[in-house]
Structure formats: structure tokens, C-alpha cells
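Let chain A serve as the given structure and place chain B on it in line with the hints.
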Amino acid sequence: MVPAWPSVPPAPGTQTATAYQTTYQTPAFTPVQVRQGFGQTYSAPQPVYPATAYGAHSHLSPQTNPSTVNSTPATPSTPAQAKIEWPESVRSYVQRAFLQHNMDESVSRQEMEVKLKETISHAAATGAMYTIDWEAMPLPQHMIKASRVQYLQQAQLPAALSFPAATATSKKRKSSDMSEMGVSGGAAPPWRANQSRLEDRVTSPADKRLAGSEATPKALTKHQLKLEKRQKRFDGGYQSSYRDPSPPPSNGPVVGTCQDLEKRYLRLTAAPNPSVVRPESVLRKTLELLKRKWRKEQNYNYICDQFKSMRQDLTVQRIRNEFTVEVYEIHARIALEKGDLGEYNQCQTQLKALYQQGIKGKPLEFKAYRILYFIHTANRTALNDVLADLTTAEKSERAIKHALGVRSALALGNYHRFFQLYNDTPNMGAYLMDMFVARERLAALCNICKAYKPDVPLRFITDELLFESDADAAQFILDHGGENLLEDRNGTVVVLTGKASNIFEPARAAAFGRVDIKGQI
Amino acid sequence: MDALFSDFSDAQKSCDGFKLSRTISPALPFDKLRNVWKSCNAQDVKNVVKRGIHNTYISKAQALPKDETAGWIEVYSAYWKAVGALVKVRDSLSPNNKSPWANVYETWKEVVSLLHRGYLAHGFEAWTVPCLYVAGKYLREFAVKADEERNNSSSMDSSAEANFQDDFNPEAEQHEKLEDCARQLNRLFNLCLSDRAPLDNSRKWGIYHVANLLFKTYFKLNSAPLSNNILKSLSAGRGDMPPLSKFPKSQQVTYKYYEGVLRFLEEDYVQAEKHLTEAWSMCHKDAMKNKEMILTYLVPCHLLTTHTLPTKKLLEPYPRLQKLFLPLSRHIKGGELHAFDLALQEGEDEFVKRRIYLTLERGRDIALRNLLRKVFLAGGFEEAKTEGASKVRRTRVPIAEFTAAISLGSHQTLDGDEVECFLANMIYKNLMKGYIARERGVVVLSKSGAFPGTGV
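Chains as they are written, first to last, in this note's numbering: chain A, 1 to 521; chain B, 1 to 456.
For the record, the hints were derived by calculation from the structure and aren't laboratory data.
Careful: at least some of the hints might be erroneous.
Partial list, derived from the structure: chain A residues whose beta carbon lies under 8 Å from chain B [to be verified]: (1) ARG380; (2) ASP385; (3) CYS446; (4) VAL456; (5) PHE460.
Here are the simulated SDA-like cross-link-like pairs (lysine to any residue), alpha carbons at most 20 Å apart as the crow flies [unchecked claim]: (6) LYS19/B / HIS54/B; (7) LYS395/A / GLN345/B; (8) LYS32/B / THR69/B; (9) LYS352/A / LYS220/B; (10) LYS220/B / ALA382/A; (11) LYS352/A / LYS333/B; (12) LYS374/B / PRO452/B; (13) LYS353/B / GLN356/A; (14) LYS81/B / GLY123/B; (15) LYS333/B / SER407/B; (16) LYS395/A / LYS374/B; (17) LYS429/B / ILE503/A; (18) LYS433/B / LYS362/A; (19) LYS362/A / THR425/A; (20) LYS499/A / LYS81/B; (21) LYS499/A / SER446/B; (22) LYS429/B / GLU505/A; (23) LYS352/A / SER407/B; (24) LYS32/B / VAL87/B; (25) LYS453/A / LYS374/B.
Not close to chain B: a few residues of chain A, all C-beta gaps over 10 Å, as computed [stated by the list, open to error]: (26) PRO87; (27) LEU261; (28) PRO274; (29) LYS285; (30) PHE323; (31) GLU397; (32) ALA411; (33) GLY413; (34) THR425; (35) ILE448; (36) LEU486; (37) PHE512.
Predicted model, so just to flag it, every value in this text is computed and none were measured.
All residues carry an ideal CB built from backbone N, CA and C; glycine is no exception.
For reference, chain A alone in the conformation it holds in the complex:
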């Protein structure tokens, strides 16, 4: 039975659940039409399948355990339109996949065939058919198993296909979910490399964290995942107890041997394989490369992904030194600049611990961020902890003094001082302050409206709340329902505070009620 092979593979992120449903009797492959339009330049490395190389199941077939994972950048070749002559290496790869001793009970033949097709057509599509080391390519059953554990969505196939069980729920998933998973799985796919998918990045880390246990089928709906996460939290709260029996971890840190500069981020679910872990010397070069790329391209998706894989490599090798600090600091700053608080947060937590171990870096800068961050999340308990951590000497340092000043100004409702401090924020603290400045403006406006009668000049609001211009101030008032409060009086605009009563209260309450950040400490 020959399946209906769609003439054009589904676009990433779309549902084409109707395809590929038939059972394959033989692994015979009909020539496929080839994906078009990928011949452009690649900024990301050729997508490989490093997941399998982590060795979770490699004992099944030692010959497939690659010593170095293929990471040859794809040489873009003009995709062939017509029939393809399969190279010998591909044929033997297919044969090997179906050898009796390589079979895996938990992976159905059907799934394997789908996977095989996917792999090969992908290779064909990217023109990597002849450059891939098929000998070293992991077998489809291993890829499937690895991808199951990882909640990793191969961007080309909707979840439903590699997972028949998912069909029931998959309809509910929106396309945004699909793209989110696609992104979270690794570096931005080449066809999306230049698009900014910031929203995806901000929301994805929490989802990824769920992928820890093998019991999590990746097709669970978001709701179910949320429930499960709740369950985990309430059940004693700590992730560590929920790890399924995994292969016994090796003693002591891994020492990496991988020489590639770039590597996509994949969440570990098994002990890492040294061949895909980069040693510090390589990571140092990577950092330089990434710094250059960030300056040149400003592609946050790519940068974030690369930094995450760097952090992972550092962690598995237990490298904790000034270089580690540098990596986290740079990632934190970039995340801050892009408003990715989830990622920023993770870095911040690590940095705190690293500084505590006495490793040099920029602790003052980051402690100041930490204070500002907790002001933003209105986390009083954490704020108290930060205060407890500060030494007297630190309190007199400029950045920290500034952050503490912000804190006390807000605690006392001193908006006048708060906006003065906002105007003069050291380092990148302004990015953090930007996040709560609107909320504080509302609070101040509520204050002013209640206290001043009958009116104040608009310029007073502009100056006190540090708007760029009178127009900005007026716009802000209009945006929050104050259209009746502005009056032009002989050329000066005044705000009729006496008439405002409680106009801004709801907006203020809403602004203070909702600070929800994924990965929040």
C-alpha cells in the first residue's frame, strides 16, 4: 500500500493531519517531490538530531552511536525536482533500521516509517542527501524515542503524525502552539530565522521545563500540562523527585569533545554524551562568535537558543568560573534588552549562586537588577531576602544605591523621587524600570487627582511623571479614560484633577494586579 504522499510537505506549524495516515507495509520509498525554497543562505546550522546522540538508547545499536554528530553545514544545492536516485548509503540506512535486532518494541513500524520518510525527505529537501553521514545517522526508532521524551516538535511534522495517540487532542491546538514548539525545540528554523518570535520565546521556557519526565507525552494539551505542573508543585514542590528511572548517571562531570561552535539547544533527558558537549576552549570561541553575531544580526531567537545550549554545556561539565559568569551575564543582558524576563530570570538565579561562590563578575550591576526585578514582580518576600543579602559597602555603590532608592521611593509613594531616579538609571536597569513605569504613573496620577484641586497644568504632569512631551502625557491620560479632564485655557492645557474622582483607579488596580512572568522566581 502506497500512502498518499503530499506533493508539497506541510508548511511548518500547519495542521495536515490527514496526510500519512495509512500503514506502510514495506519500507519502500517512492520518489518524493522535494521541498522547495530552502536553497537560500543558512544562518543556523543544518538541523541534526543530537537528541539521539545523548546515548539514552544507544546501547541498542552501537554502530549508530556517532562519535561526532554530523553538523556539516548544509551546502545548499539546487533541489532536484524530478526523481531521485537514492544513494547506496541511504538504502543501507533504511535496511538497517528494519533489521530485527535493531527493532524496538515501543516504537511501532508505522511510526518508524513515517520518521524514516521524514528524515530522508528532509535530507533530500535540504540537499544534504550526500553530505550526511548515514552510517552515523541515528535510526528512526531512536529518534522517535528521543523525541518522545523531549517534547520536541520536529517542525516539519505535526505532532499527530509522529504520535498517533495525539490525534484526538491535536485539533484543539492552535497554530501558535505549533510554532511555539517549533521554536522551543531548537534554533529558529532557517525559514524563520529572520522573523522575530519574541512572544514564543517568552512563553516557551515554562513549557519546556515540563518535558522532564518520560511520562509526559508531548501531545498533552496545554491545559493538561498546566495541571500536571500544578500537581508537581503541590506535591512537595521539588522537581527532583519526579524523575523517572533513567540510566544511571555517570559519576562526575562530563568532559566534552565536541568541536562545533554552534549547537542548537535541546533539553537533556538523559546523561549527556561527551561527543555533543563542547569543552570550555570551544565555548570561549563560541561566545566570541555569538557576540559578533548579536551585534550584526540582532536575531534574538537564534542568540537565546545558542546561549541556552552554551549554558547547558557549562552545567553538564560543571564549569563554574569567570567564563561561566560572563556567559550568564551576557545572556542576562541580552534577555533584558529584549524583555525576555523568563530567560533573564534563569540567568539571574545562576549568577547569584555563582557570585556567592566568590567568582568574579559584575555582582553589583546584577544585584541592582535583582532589586528592580523584584520591585517589578512586587515580590516582597524576595525583596526582603535581597535586602538581607546586601552588605553596608554594597549599599553605597551607585547601582545598588539607585535600586534601593527606587524601592524606598515606591514604598513611600514618593513618585516625585521615583521619576527622578528613573531619569538617571545606571547600566541597563532602565529596561527593567520600563516594565513598571506605566503602572507607577497610574498610581501617581491617582494620587494627584485626589490631592490637587481644582486643576494642575499638564506640564506639571509631564514633568512630575517624566513624560517625553506634553503630548505623551496627554495621550497617557486619554488612554486611561481621562478624555474629559483636559482643557485648554488660554493656550496652556490644564488637567481638571478636581473632576477626575476615581477615573484612574480601575486601571491602577489592574496594573498592579497582574505581574505574571513565566519562570518567575
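Chain B only, in chain A's frame:
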């Protein structure tokens, strides 16, 4: 060990849970611990325990059911092993073993889980729950010791699981055993919570004690918010639970204290005050340390909710609290704003440590209110327009006067806008009634009650 079994038998006969719990206590004089340890060896411990328990039964009628006996045999065998680990710590017998406390923790954890299993599988009766108290209490202590020990040796390869994480988890590394302990205590908590037996024979009677242990653990772990889950499941199961007032006073006080502190940390001062007041009124009159802890939070609560300050008499028995609160109180009362700031700064470290800094800081509003009130009073009265009319205070106060008053203490000139900002805050918070007329540079205060609740 024989003494242990006769106590066991006595306790079983009289259904005395606390007596029974003492038989599994690891807090014995050292020579007793050693005697227990020396009384048998790893091969025959089960037999010795078995014989020990059976010998205490005079007649068959008295004997526990076979199943239950089996459960206790397991518990005491594990207990013997844990005692062994403890003896080794004291003796420093095992130079090879670098982490003797971790060993104690693990062996004690075994005692805990066997007890847990005893209730589920061997039909231990509900009156024996004090054993859970002892087990939980020492599990926590051993966990803390084990963590200290590991952190002192500062080896970083504690947890193999770090391998699977993208980033290492500093908190987990610091409190590895205590986090584990929290999980174990949680199991005990659920063991008590989920008992469906009728109330007079229910493990639910153990629940508040275990809950208190959990609170203590969560606070130490810096994850006090997790305690809210406990509060939630307790209030959800309130219907089929004995009322808190039926539990021992000590448990009630501790529970109310933690509930109050948790509300305090969430800034729900009204609820916090309610719970803390209950704890305060029930607390044993001689439990000075506990009373001091309750007051540490109750006093700031009171300051914010009712704007009242502690009296000298109240704080008299607590020199530490006097040091904490009296200077601040004095400055608030006198409206000495600058002195208040200084005092707050002075005590900052201590306040922060007790998590009351951010609350006390808000006392500044009251200090400021009192200062502004003084300005208002100093303004005197309007000139009477008609003869014989009642005197009216001057309600139009120039902002400059307030500015002068605020600058008086600190000798720093404040910018007029900032003073206006303070005044706006006072008005917004209803501490002062009136409005600012910016154009004219005056504050127009209410003729009736410019400072609500202060008599003017």
C-alpha cells in the same frame, strides 16, 4: 533494649501514644544509645526485636495482632540501625564515611517510611500518632545537620541529577536533604489528612503537629509560600476534621502563629492580626520566647491597622523587642521624621532579618502625619469674624510651612514638588483631609477633622 520493649508493652497496654513515641526517640543519653546499638548485630536484630516484643506479652490475649506486631518489628529494626548511625557520629568511628550525618538522615528516613507503611499496611492505631511527631521532628533535625555537613565540606558533586538540568540549582544544592525532608513530612501530612476512620480513632488528630513541622521546614527552606498549600488543604478538609480548638494548646498556638506570619508576609495585615492575636492570647504565660516571636509580628500589624504603638509596659519583659520598637515608636509619636528615618536605618539589619523592615517602613506615614498635624496646630486659629463665634482653625496652610517642618529635622532643603508629593500621598491615603491648590501654593484642609482619628 529490654527496657525499650517493656516501655513499648506498657504503652500498648495503656494506649499512651506519647509514651510509645519515647521508645523510638533518638534523643537518649549517649551510653543508652550505645547500649541499644551494642545489644545486637545486623544479622540478628530482627530476631532480637521479635523476641523482645513477644516476651513482653504475658498472655496471648494481650498480644497485638500479628500483622501489627510485624510492622513494629520493622520499625524497631530500622530504629536500631539509625541508632547505630548516630553512635558512629558521636564516636567518629568511621573515618571513611565522610558524611556521617547524611547517613543518620538516611537511616532515620527509613524509620519514617516504615512507620508510614505501618499505618497503611500493618494497621497501626491512631493513638500512636505521637510516634509520627518524634519521627518527623528528628528527620528535620538530621536533615539540617546533614546539609550543614555537606555545605561545610563544600563538595559540589552532591547531586547526580544536576546532569539533566540546563542550569544547576543552587537552592537544591544547599538544602538537598531538607528538601527531601519536606517531601517526607508532606507524606506524613497526607497520611494524617487522608484517614477516613471515625474521628475518635483517626490519624487526623496528628495533622496540626505535622503541619507545624512542615511550616517550620518551609520557612527554613526560604519557601514559605509553599505553606499556603497546607493551609489550603486544611481549610478544604475543615468539614470532616476536628476543630482546631480540640487540639492541644501548644499545637494551636504554633499553628496560629504560622498562619498569622504567612498572612503578614502577604501583607494581609487584618487577617495576620487576627491570627496572631489568637496565638498571643493562648500562648502559655511563661513561654517568653514564643510570646516574643508573636509580638515581633503583632506589633507592626497593629501599627498599620490601628495606628497604635506598643506601650512600654507591654514590652517591658522583652529587652530585645524594646530595642526593636521603642525608638521607632517614640519618633512616630513625636512626628520626628528625620529621627525616624535614622532609627529605621539603624535597625535595618535586624528588621530585615525578621522580615518586618518593609512593614515598619510604612510607619513613616504615621510619623509624617503627626508632623503635619503639628504644623496645622501651630497655625492657630482664624481671626474670628464675628464676636462670640466658635473658634475655627486656620485651614489654609502654605506649603512652605510644611516644607519647613519636614526640613527641620534633616537640615536638608526639600524641593517643593517633593513636599507636594508627600502631601498628596497623605491625602490619598486618607491620613489627611483636604486638597492642594497648586496655583496658590497652599493646602486647604478640612474644617472638620483634617487629620481623621486624631481629634483635630
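Discussion item. Run the distance test for LYS32/B versus VAL87/B: straight-line Cα separation, threshold 20 Å.
Written reply: 10 Å, holds
Discussion item. Between the alpha carbons of LYS32/B and THR69/B, is the straight-line distance 20 Å or under?
Written reply: 24 Å, violated
Discussion item. Check the hint pairing LYS19/B with HIS54/B against an upper bound of 20 Å on the C-alpha distance.
Written reply: Distance of about 19 Å is within 20 Å: holds.
Fill in: Non-interface claim for LEU261/A versus chain B (Cβ beyond 10 Å)
19 Å, holds
Discussion item. Can you verify the interface hint for CYS446/A: is its Cβ closer than 8 Å to any Cβ in chain B?
Written reply: 7 Å, holds
Discussion item. A cut-off of 10 Å on Cβ-Cβ distance, and ALA411/A was said to be off the interface with chain B. Does that hold?
Written reply: Nearest chain B Cβ is 6 Å from ALA411/A, so the label is violated.
Discussion item. With the threshold set at 20 Å, check whether the alpha-carbon distance from LYS352/A to LYS333/B stays at or below it.
Written reply: 40 Å, violated
Worksheet entry | Interface-negative label, LYS285/A against chain B, beta-carbon threshold 10 Å | For LYS285/A, whose nearest Cβ neighbour in chain B is about 21 Å away, the distance exceeds 10 Å, so it holds.
Worksheet entry | Interface hint for ASP385/A, Cβ within 8 Å of any Cβ on chain B | 7 Å, holds
Fill in: Least C-beta distance between GLU397/A and chain B, which was stated to exceed 10 Å
GLU397/A is indeed farther than 10 Å from all Cβ atoms of chain B, at 16 Å.
Worksheet item: Is it the case that PRO274/A keeps its Cβ farther than 10 Å from each residue Cβ in chain B?
Response: For PRO274/A, whose nearest Cβ neighbour in chain B is about 12 Å away, the distance exceeds 10 Å, so it holds.
Worksheet item: Do the alpha carbons of LYS362/A and THR425/A lie within 20 Å of each other, as the hint requires?
Response: 16 Å, holds
Checked against the numbered hints above, the structure breaks hints 8, 11, 14, 16, 18, 20, 23, 25, 32, 33 and 35 and satisfies the rest.
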